[in-house]
Amino acid sequence: MRRRFGMILPALMLLIFLLLLLAATRHFFSQHQLTQASHGADYEKAYHLAVGGLESIDVLLLKAVDFINDGRPGSFPKLEKAPAELKPILKGLLDSDGQITPREAKTSLDSELFKHLQQDFENYSSLKVEIELRKLENLFASPIGPGLLTDEREMKVMIMLHAEASVHGAFARVYRYREAKVVNILPPVVGKFVLFLREQGSLGADTVQDSISGKNQVSDSPLLLYAGDSCSSSSLEPAQSRQFFDRQGWVFLGSEAPWNLGCGPGGGDDNFASVLPGNSARLFAIPEADTFSDIDCLSYYSQPEFIFKELRESDYHEVMKDCNADDLMSARIRIAGSADRPTPTVVLGKAISRWTLLQGLMNELTDLYAPFPRLDENSFSGNAWPGMTVEAVGRVRDNFAGDYQRYRERMSSIVEESCNAANLRVMALRDPDLSSQIGLTPGQLPADLPAASERALVDRQGVSFFKMNHGSLYQLNCSDGRKLFDGNLADLEDLGYLRARVGQKFATAAEFFKKIENEKQDCILNDVYYVAGDLEINRSIAAENGCGGMLLVEGNITIREPVSAPAKEPVVIISLAGNLRVATAQPVEAALIALKGTIFIESSSTISGLLAARNMGMSRVPGLQRRNVTYNENLDVTDAEACFRSFRLYMKREGVTFVR
Amino acid sequence: MFAKKGFSTVELITVSAVLSIVITLWYFAYSQTRMSADELEDEQSFQALSSALVGELRRDIRSSFTINPTGPNRWEIETVSTDITSLPVKATVVYELSADQQKVYVTRSGKVKTYDFSETTDGKKITFNIVP
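Chains as they are written, first to last, in the numbering used here: chain L, 413 to 1072; chain C, 3 to 134.
There may be inaccurate statements among the hints.
Simulated pairs of lysine to aspartate or glutamate, DMTMM-like, Cα-Cα distance not exceeding 20 Å [claimed, not checked]:
(1) Lys92/C with Glu549/L
(2) Lys547/L with Asp85/C
(3) Lys92/C with Glu591/L
(4) Lys568/L with Asp85/C
(5) Lys518/L with Asp85/C
(6) Lys1064/L with Glu929/L
(7) Lys457/L with Glu58/C
(8) Lys92/C with Glu1066/L
For the chain C half of the interface with chain L, some residues (derived, Cβ under 7 Å), not all of them [what the hints assert, rightly or not]:
(9) Val24
(10) Leu27
(11) Ala31
(12) Thr35
(13) Ala39
(14) Arg64
(15) Ser65
(16) Val82
(17) Pro90
Simulated from the structure, these hints should not be mistaken for lab results. Since this is a predicted model, take the numbers as computed values, not measurements. Ideal Cβ placement from N, Cα and C applies to all residues, glycine included.
If we strip away everything but chain L, and leave its shape as in the complex, we get (with noise of 0.2 Å):
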């Protein structure tokens, strides 16, 4: 029997190759839609891996920026003095010396977090952030004002956290980046000085009717002045005046006129009494030719003494009675200090110190003083001297032979002098004959002493510590050798350059108290910040952790409430085209500065920090109460250290995420 073939095997076969291959495409398909949904599962696991270690890093870096901001000697050098999980992230934004400094390449960052990161998503996964810092252009355009030199350390820069993680080959990359401003927070050139002030204007810098009976008898309360360390009579040691005055708080007295400032006793009281160049009595022999020779228990005698309203009574022999009442009135501004604390310092500008000399005669068995009065020659002929009887002027007169010169330099006079001459009496001079002299001069100090700075020039000549330094041409350099100013400082008065440092800016001062309040409802700065209107501070404001601020208003200010910095951080208070008033007899630890403008200080007054303005004027407070600007050393723009300390990284907290 023949065997035949069918046709339904093979139909079936192909039948079911066709279904098979349905299979497999459909197998197919889903597995690539899988593959694909798993690698979008993986990205986002990538992708929140990677915001993971951005935010962890994010959280390091504002703490490394608020430490590269703690301005307090006491955390530098930075790099040395960080904790160290900060460390990396410091390393990526300062150099060796620890000077923020962007560079072309980006800096690795590691955390411990990071494996427990990964450890959370996938074994098959990696996380690297890294950290750049980039320049994006300096923060100020040269040049900027007359005499004003800038410093190129100053930028605004982009800090940007690079994350990039992968999780089974799918890749997320997410960015966080940030402007920020590399500044420093100290004012320009007025920063050095305690007291800045580019002319008189109606201060009436000599008008303190003062007493030596007590408070209650002074006309007004002077403005104490303290410039930094304090330095008794002769305690200075000549190797040593170079750097100690170079590091005080200068004074800065404008204009052509001579600013005449009187010592007055502060009603007797030394916390309140100007710093005299010395308050011992010097004892001179009788020379032959004088007829008081022939008695031995008589001696000439000079002591300088201050100038109060008791010199014209009989208590003091009416001695100044020849006077014009306004030679008899003092400062309103103690230079150096007080009494009790002297702050020797230097003055730039024509600044006078006045002082009484009392002269006469001494009797060395009985103590008692017989000093000569001041008189014009008509008065010296005549015979009604005050406090002297009709005998005694005749006896003195014979003394001098009739000879007005002679008694000239003997009676009791106002020395006028440089205020800088003052500094002569600090030095510890080896020369005993020096050391005992009341009228000491420049010329006699010995070669060596170091008698001029070397942070500043006046008409091209450094800057004397002992003598008048008036001129048209200052130049202040840095100690470590940089120029910061070279013109005229009377004509310094404009900072609108100091906008450009501004990291936050309000229309008005309700905007900015709202903004620099905390969840404590205390004011803190920590930036600089720029209010366009005027700006009352009727809230306390204060800055903390060393970091300090700036705080530039278009206006006048007015100053209400404390201003605090505890760790003396520079907290610097500038109206740009206003005045400022000082309305608060609570501390104020700020530099505040208003230099084409006044400013006022309407009561007692306890400031750290400096004053520089156009002009300043004062409320008259009889009675002597406490009004002080103390200088904070570390406003010292020529400090190269305070300077150095004072640059500050100023961003948002807030950064700028995004993803490639």
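Dock chain C against chain L, hints included.
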């Protein structure tokens, strides 16, 4: 005995019937397979397109400052991009669903990118919405 030559009518009819059934089955299976393949291809294309669109949108949203609806089917996203020096710069990206609801236009730095779903949805309208 005569040798049997050719097929009987019954045989021919039977074979024809079987062949018809097989061809019918084969055609049915083939057309089903093609249809499924086409559907899958469309679905795959749709998935790929929508995945790319959502990926781009997700990236923009994750980098965004603001998302503003500026029309019934139009949204402006203010986002961050990078310039040629890799510096971040602000950029505005516009997402817009076409009037026929078949395409999504993404305008970035003046360049328009079109996500065309018309060939993947078989004429059906798509839904595209960004909820800020």
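Results for each hint:
1. Lys92/C with Glu549/L: Holds. Lys92/C to Glu549/L sits at ~18 Å (cutoff 20 Å).
2. Lys547/L with Asp85/C: holds (15 Å)
3. Lys92/C with Glu591/L: holds (13 Å)
4. Lys568/L with Asp85/C: Holds: Lys568/L and Asp85/C sit about 18 Å apart, inside 20 Å.
5. Lys518/L with Asp85/C: Since the Cα atoms of Lys518/L and Asp85/C sit roughly 18 Å apart, the hinted pair holds (cutoff 20 Å).
6. Lys1064/L with Glu929/L: holds (15 Å)
7. Lys457/L with Glu58/C: With a Cα-Cα distance of about 17 Å, the restraint between Lys457/L and Glu58/C holds, given a limit of 20 Å.
8. Lys92/C with Glu1066/L: The hint holds at about 16 Å.
9. Val24: holds (4 Å)
10. Leu27: holds (6 Å)
11. Ala31: holds (4 Å)
12. Thr35: holds (5 Å)
13. Ala39: Interface hint status for Ala39/C: holds (6 Å vs cutoff 7 Å).
14. Arg64: Status holds, d = 5 Å.
15. Ser65: Where the cut-off is 7 Å and the nearest Cβ of chain L is about 3 Å from Ser65/C, the hint holds.
16. Val82: This interface hint holds because 4 Å falls under the 7 Å limit.
17. Pro90: holds (5 Å)
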